[in-house]
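Chains as they are written, first to last, in numbering that gives the first Met the number 0: chain A, 0 to 393; chain B, 0 to 393; chain C, 0 to 393; chain D, 0 to 393.
Don't read these hints as lab results, they were simulated from the structure. A portion of the hints provided could be inaccurate.
Copies of the same chain are indistinguishable here, so a pair counts whether it falls within one copy or spans any two.
As the list claims (entries may be wrong) - Computed list of lysine to aspartate or glutamate pairs in EDC-like fashion (alpha-carbon distance at most 16 Å, straight line):
| id | residue 1 | residue 2 |
| --- | --- | --- |
| 1 | 193 | 84 |
| 2 | 21 | 88 |
| 3 | 393 | 286 |
| 4 | 193 | 15 |
| 5 | 322 | 157 |
| 6 | 322 | 292 |
| 7 | 243 | 292 |
| 8 | 287 | 118 |
| 9 | 168 | 321 |
| 10 | 243 | 303 |
| 11 | 243 | 41 |
Protein chains: 4
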Amino acid sequence: MSLITPFESALTERTDLEELYKHFHRHPELSMQEERTAKRIEQELRALGLQPQRIGGGVVAVIENGDGPVVLTRADFDALPVTEDTGLEYSSEADGVMHACGHDFHTTALIGAARDLVDDRDSWSGTVIALFQPGEETAEGAAAMVADGLADAVPAPDVALAQHVMPAKAGHIGTAVGPILSQGDSVRVTIHGKGSHGSMPHLAIDPVVIASSIVVRLQSIVGREVPPNEFSVVTVGAINSGTKSNIIPDSAQLLLNLRHYEPAVRDRVVASLERIVRAECAAGGCEKDPEIEFYDQFPLTTNDEDPTRVVTDAFIAEFGEEKVGTQVPVTASEDFSRIPDALGAPYTYWTVGGFEEPDGAPANHSPFFAPVLQPTLDVMVQAQITAVRAFVGK
Amino acid sequence: MSLITPFESALTERTDLEELYKHFHRHPELSMQEERTAKRIEQELRALGLQPQRIGGGVVAVIENGDGPVVLTRADFDALPVTEDTGLEYSSEADGVMHACGHDFHTTALIGAARDLVDDRDSWSGTVIALFQPGEETAEGAAAMVADGLADAVPAPDVALAQHVMPAKAGHIGTAVGPILSQGDSVRVTIHGKGSHGSMPHLAIDPVVIASSIVVRLQSIVGREVPPNEFSVVTVGAINSGTKSNIIPDSAQLLLNLRHYEPAVRDRVVASLERIVRAECAAGGCEKDPEIEFYDQFPLTTNDEDPTRVVTDAFIAEFGEEKVGTQVPVTASEDFSRIPDALGAPYTYWTVGGFEEPDGAPANHSPFFAPVLQPTLDVMVQAQITAVRAFVGK
Amino acid sequence: MSLITPFESALTERTDLEELYKHFHRHPELSMQEERTAKRIEQELRALGLQPQRIGGGVVAVIENGDGPVVLTRADFDALPVTEDTGLEYSSEADGVMHACGHDFHTTALIGAARDLVDDRDSWSGTVIALFQPGEETAEGAAAMVADGLADAVPAPDVALAQHVMPAKAGHIGTAVGPILSQGDSVRVTIHGKGSHGSMPHLAIDPVVIASSIVVRLQSIVGREVPPNEFSVVTVGAINSGTKSNIIPDSAQLLLNLRHYEPAVRDRVVASLERIVRAECAAGGCEKDPEIEFYDQFPLTTNDEDPTRVVTDAFIAEFGEEKVGTQVPVTASEDFSRIPDALGAPYTYWTVGGFEEPDGAPANHSPFFAPVLQPTLDVMVQAQITAVRAFVGK
Amino acid sequence: MSLITPFESALTERTDLEELYKHFHRHPELSMQEERTAKRIEQELRALGLQPQRIGGGVVAVIENGDGPVVLTRADFDALPVTEDTGLEYSSEADGVMHACGHDFHTTALIGAARDLVDDRDSWSGTVIALFQPGEETAEGAAAMVADGLADAVPAPDVALAQHVMPAKAGHIGTAVGPILSQGDSVRVTIHGKGSHGSMPHLAIDPVVIASSIVVRLQSIVGREVPPNEFSVVTVGAINSGTKSNIIPDSAQLLLNLRHYEPAVRDRVVASLERIVRAECAAGGCEKDPEIEFYDQFPLTTNDEDPTRVVTDAFIAEFGEEKVGTQVPVTASEDFSRIPDALGAPYTYWTVGGFEEPDGAPANHSPFFAPVLQPTLDVMVQAQITAVRAFVGK
C-alpha cells in the first residue's frame with residue numbers, strides 16, 4: 000500500500016511518458032504549424048485538471064498552489080524540415096519533417112514535471128507557469144506568444160527556466176552564468192541576373208556565377224575581418240538557382256545564418272556581408288540591386304547569476320557533482336529569452352546530454368540526431384522538477 | 000468570282016493557322032510528355048485525309064503523290080519548364096511550362112505546309128514525310144523515334160529538312176553549308192558533403208562552399224584551356240543545395256551544359272571539368288567521391304552542301320535576295336540530325352527570324368521570348384512549302 | 000674557277016651569317032636598351048657600303064638602285080627578360096635576358112638579304128629600305144621610329160614587309176590575307192589595401208586576398224561575356240604583393256595582357272575588366288580606388304591582299320607548294336603595322352617555322368624556345384630576298 | 000647638493016637613454032644580421048664595467064651581486080624589412096629596414112635597467128642576467144643562443160622575464176597568467192605551372208590562376224573548419240608570380256603565416272592547408288607537385304602563475320592600480336619562451352602601451368608604427384627595473 004504503490008505508479012508513469020515522447024517524435028510539425036502537437040499538449044494538461052490557454056500558437060497552464068514564488072518554465076515543441084534517417088522504430092511519420100532538435104524531449108519532460116507538481120501539491124508552495132512554445136526554430140514562437148498577450152494571461156514570474164537536449168554524455172547537465180547561446184540572424188539574399196539560353200552566356204548576366212562568387216567571397220569575413228579571438232559564424236545554408244542545364248536562370252537565392260556573442264562583431268559582419276553581396280553583384284554586371292532581407296533573428300541568451308546558482312546547486316544535490324558541469328557557450332541560438340525579457344524576469348537555461356558516446360555523435364538538426372531515450376528522458380523530467388522546486392519547494 | 004474565292008480561302012486558312020498556333024502556345028507540354036499536343040497533330044493530319052502514325056512519342060504522316068523524290072521534313076513540338084512572362088494574350092495556361100523556344104511555330108508551319116501539299120497535289124510529284132518530333136529540348140525525341148522503328152515506318156528519304164525560329168529580323172531566313180549548330184552535352188554533378196547545424200560548420204563538410212568553388216573554378220576552362228580561336232561554352236545552368244539558413248546540407252547538385260564544334264576541344268573540356276570537380280571536392284575534404292553523369296547529349300548539326308544550295312536558291316526565288324542570308328554557326332544544339340543520320344539522308348536546317356527589333360530581343364528559352372505572330376508564321380509556312388517543293392515541285 | 004667560287008663564297012657567307020646569328024643570340028638586350036645590337040647592325044650595314052641612320056633607337060639603310068618600286072622590309076631586334084634554359088652552346092651570356100622570341104633570326108636574315116641585294120644590283124631595280132626596329136616586345140619601337148621622323152628619313156614605300164619565326168615545321172612558310180596578328184593591350188592594376196601584422200588581419204585590408212579574388216573573378220570574362228565564336232585572351236601575367244609571411248602588405252600589383260581581333264569585343268572586355276577590378280576592391284573594403292593603367296598597346300595586324308598574293312606566289316615559286324601554307328590568325332601581337340600605317344603603305348607579314356618537331360615545341364617567350372639554326376636561317380634569308388625581289392626584281 | 004644632484008643626473012640619464020633609443024631607431028638591422036646593434040650593446044655594457052659575451056648572435060651580461068635569486072631578463076633587438084613612413088625626425092636611415100616592432104624600446108629599456116642595477120648595488124642582492132636576443136622576427140634568435148651554449152655561459156636562472164611595446168595606452172602595463180602569445184608557423188608554398196606566351200594560355204599551366212585560387216580557397220579554413228570559439232589565423236603575407244604582362248610564368252610562390260593557441264586546432268589547419276594547396280594544384284592541372292615548407296616556427300608563450308603574480312603586484316605598487324591591467328591573449332608570437340624552456344626556468348612576459356590614442360593606432364609591423372617616446376621609454380625602463388627587483392630587491 001505504501002511502498003509498492005508509488006513504485007508501480009512510477010513505473011507506469013515512466014512508460015507512459017516514454018510513449019508520449021515517441022508519439023511526439025512520430026508526429027513532428029513544422030514551426031508555427033504545430034496544431035496537432037498543441038492539441039495533444041492541451042489534452043495532457045486538461046487530464047491533470049489544468050486549464051490550458053492557447054496564446055500565440057503556444058499553450059500555457061498556470062498551476063497555482065498557495066503563496067510563494069512564481070516560476071515560469073518553458074518547453075518548445077516545433078520540428079524541422081529534415082528527413083529522418085535514424086532508423087529508430089518510432090521514426091517520424093511525417094514526410095520531410097523530423098524532431099531533429101529534440102524539442103519532443105523538452106515538451107515531454109515539462110508534461111512529466113507538470114504531472115509531478117499536480118500530483119504532489121503538499122511538498123511545494125507558489126505558482127508554476129508551464130509554458131509550451133511553438134516556432135523556436137524560426138525565432139517566431141516566443142515573439143508570437145508575447146505579442147498575443149502572454150503578459151496579461153499569466154502572473155508575473157519571479158524567474159524563468161528552460162532546458163535543451165545536446166550531443167553530450169547522456170544524463171549529464173551543463174549550466175553557466177552569462178552568455179550561453181549566441182545571437183542569431185538569418186539572411187535571404189536574392190540576386191537578379193538575366194536569363195538566357197545556356198549556349199548564349201554573352202547575352203546573360205549569369206546569377207549562378209554571381210551567387211557562387213558571393214559564397215566564395217564571404218568565406219574571408221570570419222578569417223580576415225573578425226578579430227581572431229572573437230566568435231563569429233557565417234554559414235550559407237542554401238544556394239538555389241536554376242532547374243535545367245541549358246537555361247541560364249534569371250535569379251539566385253542564398254540563405255545565410257549568422258551567429259555572434261558580441262554586438263559589435265555582429266555589426267561588422269553584417270556590414271561586410273552587405274558590402275560583399277553588393278560588390279559581387281556589381282562585379283557580375285547586375286542591372287538590378289540584390290535584395291538582402293533579415294529574418295528569424297534570435298536574441299543572445301545570457302543566464303542571470305542568481306537563478307543559475309540556485310538551479311546548479313539543486314542539480315548537484317539531486318544528481319551528484321560528477322553529473323553537473325559548466326556548459327561552455329554554444330554556437331546555437333534560442334528565442335527563449337524573449338519571454339523572460341518581455342515579462343521582466345531573470346532566467347537560466349541549461350543543457351542535458353543525450354548520447355552514450357558523445358564524440359562524433361550527430362549534432363542537432365542532423366537527419367541522424369537520435370538521443371537515447373533513457374536516461375535522457377528521466378533526467379530531463381527530473382531536472383525540470385528539481386529546478387522548479389528549487390524555487391517553490393518547501 | 001474567281002479572284003475573291005482564293006483570297007477569302009487564304010485569309011481563312013491564315014486565321015485558322017494563327018488560331019492553331021495560339022492553341023499550341025497556350026498548351027505547352029514538357030519534353031516526352033506531349034500527349035495532348037501529339038493528339039492534336041494527329042487530329043489535324045487526319046482532317047487532311049492522312050494516316051498519322053505514333054512513333055517514339057512523335058507523329059509521322061506520309062503524303063504519297065506519285066513518282067519523285069522522297070522528302071522528309073521535321074518539326075519539333077515540346078516546350079520548356081519556364082514560367083511565361085511575355086504578357087501575350089495567348090500566354091501559356093500551363094503552370095511553369097512555356098513554348099519558350101518557338102516549337103509551336105515549327106509545328107504549326109508544318110501543318111500549314113501539309114495542308115498546302117494535300118490541297119494542291121497537281122503541282123508536285125513524289126513523297127513527303129511530315130515528321131513531328133517530341134522531346135527535342137532533352138535530346139530524347141529523335142533518338143526515341145529512331146529506336147521505335149522510324150526507318151521501317153517510312154520510305155527512305157532522299158533529303159531531310161528542318162527549320163527553327165530565331166531572335167533575328169522577322170521574316171528573314173538564314174542558311175549555311177557545314178556546321179550550323181553545336182554539339183551539346185548536359186552534365187549532372189552531385190557533391191557529397193556532410194550536413195550539420197548551421198552554427199557548427201567545423202562538424203560539417205560544407206557542400207555549398209564546395210559547389211560554389213567548383214562553379215568559380217570552372218570559369219577558367221574556356222579562357223585558359225581552350226585555344227582562343229576555338230568555340231567552347233561551359234554553362235552551369237543550375238546550382239542547388241540546402242533549404243534552410245541554419246542547416247548545412249548534406250549534398251549539392253550542379254547541372255552543366257557544354258557546347259562545342261570540335262570533338263578534340265570538347266574532349267579537353269570534359270577532362271578539365273572532371274579534373275576540377277574532383278579536385279575541388281578534395282579541396283573541400285569530401286569523404287565520398289562526386290558523381291559526374293552525362294545526359295541530354297546533342298549531336299553536331301552540319302548541313303550538307305547540295306540540299307542547302309537547292310533550298311537557298313528556292314528561298315531567294317520566293318522571298319527575294321534581301322530576305323535570305325548566311326546563318327553564322329550558332330551556339331545552340333539540336334537532335335534533328337539523328338533522324339537523317341539514321342535514315343542515311345543528307346539534310347539541311349535553316350533559321351527564320353521572328354522579331355521586329357532583333358537587337359536586344361529576348362533569346363530562345365527566355366520567359367520573355369515572344370516572336371511576332373506575323374510575318375513570322377506566314378514565312379515559316381511558306382519556307383516549309385518552298386523547301387519541300389524545291390525537291391518535289393513540277 | 001667560275002662555278003667553284005660562288006659555291007665557296009656562298010658557303011662562307013652562310014657560315015658568316017650563322018656566326019652573326021649566334022653573336023646576336025649570345026648578346027640579347029632588353030627593349031629600348033639595344034645599344035650594342037644597334038651598333039653591330041650599323042657596322043654590318045656600313046661594311047656593305049650603306050649609310051645607316053639611327054632613328055628612334057632603330058637603324059635604317061636605304062639601298063637605292065635605279066627606278067622602280069620602293070620596298071620597305073623590317074626586322075626587329077630586341078630580346079626578353081627571360082633566363083635562357085635551352086642548353087644551346089651559344090646560349091645568352093646576359094643575365095636574365097634572352098632572344099626568346101627569335102628576333103635574332105629576323106635581324107640576321109635582313110642583314111643577309113641586304114648583302115644579297117648589294118652584291119647583286121644587276122638583277123633588280125628600285126629602292127629597298129632595310130629597317131631594323133627596336134622595342135617590339137613592349138610595343139614601343141615602331142612608334143618611337145615614327146615619332147623620331149622616319150617618314151622624313153626614307154622615301155615613301157610602295158609596300159612594307161616583315162617576317163617572324165614560329166613554332167612550326169622548320170623551313171615552312173605561312174602567309175594570309177587579312178587579320179593575322181591580334182590587337183594587344185597590357186594593363187597594370189594597382190590595389191591599395193592596408194597593411195598590418197600578419198596576426199592581426201582584422202586591422203588590415205588584405206591586398207593579397209583582393210588581388211587573388213580579382214584574378215579568379217576575371218576568369219569568367221572570356222567564358223561568360225565574350226560571344227563563344229569570338230577571339231579573346233585575358234591573361235594575368237604577373238601578381239605581386241608582399242615579401243614576408245607575417246606582414247600583410249599595403250598593396251598588390253597585377254599585370255594583364257589582352258588580345259583581340261574585334262574592337263567591339265575588346266571594348267566589352269576592357270569594360271568588364273575595369274568593372275570587376277573596381278567591384279572586387281569594393282568587396283574587399285578598399286578605402287582607396289585601384290589604379291588601372293594601359294601600356295604596351297599593340298595594333299591589329301591585317302595583311303593587305305595585293306602584296307600578300309605577290310609574296311605568296313613568289314614563295315611558292317621559290318620553295319615549292321608543299322612548303323607554303325596559309326597561316327591561321329595567331330594569338331600574338333606586333334607593332335610592325337604602325338610603320339606602314341604611318342607611311343601610308345600596304346603591307347604583308349609572314350611566318351617561318353623553326354622546329355623539326357613542331358608538336359609540343361616550346362612556344363615563343365619560353366626559356367626553352369630554340370628554333371633549329373638550319374634550315375631556319377637559310378629559309379628566312381631567302382624568304383626575305385624572295386619577297387623583296389618579287390617587287391623590285393627584273 | 001643632495002636633491003639637485005640626483006635630479007640632474009636622472010635628467011641626464013633620461014636624455015641619454017632617449018638618444019640611445021633614437022640611435023637604435025635610426026639604425027635598424029634585419030634579423031640575424033644585427034652586427035652593428037650588437038656591438039653598440041656590448042659597448043654600453045662594457046661602459047658599466049660588465050663583461051658582455053656574444054652567444055648565438057646575441058649579447059649576455061651577468062651582473063653578480065651576492066646571494067639571492069638568479070633573474071634572467073631578455074630584450075630582443077632585430078628590425079623588419081619595412082620602409083618607414085612615420086615622418087619621425089629620427090626615422091630609419093637604412094633602406095627598407097625599420098624598427099617597426101619596437102624592439103629598440105626593449106633594448107634601450109634593458110640597458111637602462113642594467114645601469115640602474117649596477118649604479119645601485121646596495122638595494123638588491125642576487126644575480127641578474129641581462130640577455131639581448133637577435134632574430135626574434137624570424138624565430139631564429141632564441142634557438143641560436145640556446146644552440147650556441149647559453150646554458151653553459153650563464154648561471155641557471157630562477158625566473159625569466161621579457162616585455163613588449165604594444166598599440167595600447169602609453170604607459171599602461173598588461174600582464175596575464177597562462178597563454179599570452181600564440182604559436183606561430185610560417186609556410187612557403189611553391190606552385191609549379193608551365194609558362195607560355197601570354198597570348199597562348201592553352202599551352203600553359205597558369206600558376207597565377209592556381210596561386211590565386213589557393214589564396215581564395217584558403218579563406219574558408221578559419222570560418223568553416225575551425226570551431227568558432229577557437230583562435231586561428233591563416234594569413235597569406237605574400238603572393239608573387241611573374242614579371243611581365245605577356246609572359247605566363249612557370250611558377251608562383253606564397254608565404255603564409257599561421258597563429259594558434261591550441262595544438263589540435265593548429266594540426267587541423269595545417270592538414271587543411273596542405274589538402275587545399277595540393278587539390279588546387281590538381282584542379283589547375285599541375286604536372287609537378289607543389290612544395291610546402293615550414294619555417295620561422297614560434298612556440299606558444301604561456302606565462303607561469305607565480306612569477307606573473309609577483310611581477311603584477313610589484314607593478315601595481317610602482318605604477319598604481321589604474322595603470323596595470325590584464326593582457327588578453329594576443330595574436331602575435333614570440334620565441335622568448337625557448338630560452339626559459341631550455342634553461343628550465345618559469346617565466347612571465349608583459350606588455351607596455353605606447354600610444355596616446357590607441358584606437359586606430361598603427362599596429363606593430365606597420366610602416367607607420369610609432370610609439371610615443373615618452374612616457375613609453377620611462378615606463379619600460381622602470382617596469383624592467385621593478386620586475387627584476389621584485390625578485391632580487393632587499
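Going through the earlier hints one by one, which of them does the structure break, listed in rising order? When the structure is compared with the hints, numbers 3, 4, 5, 6, 8, 10, 11 turn out to be violated.
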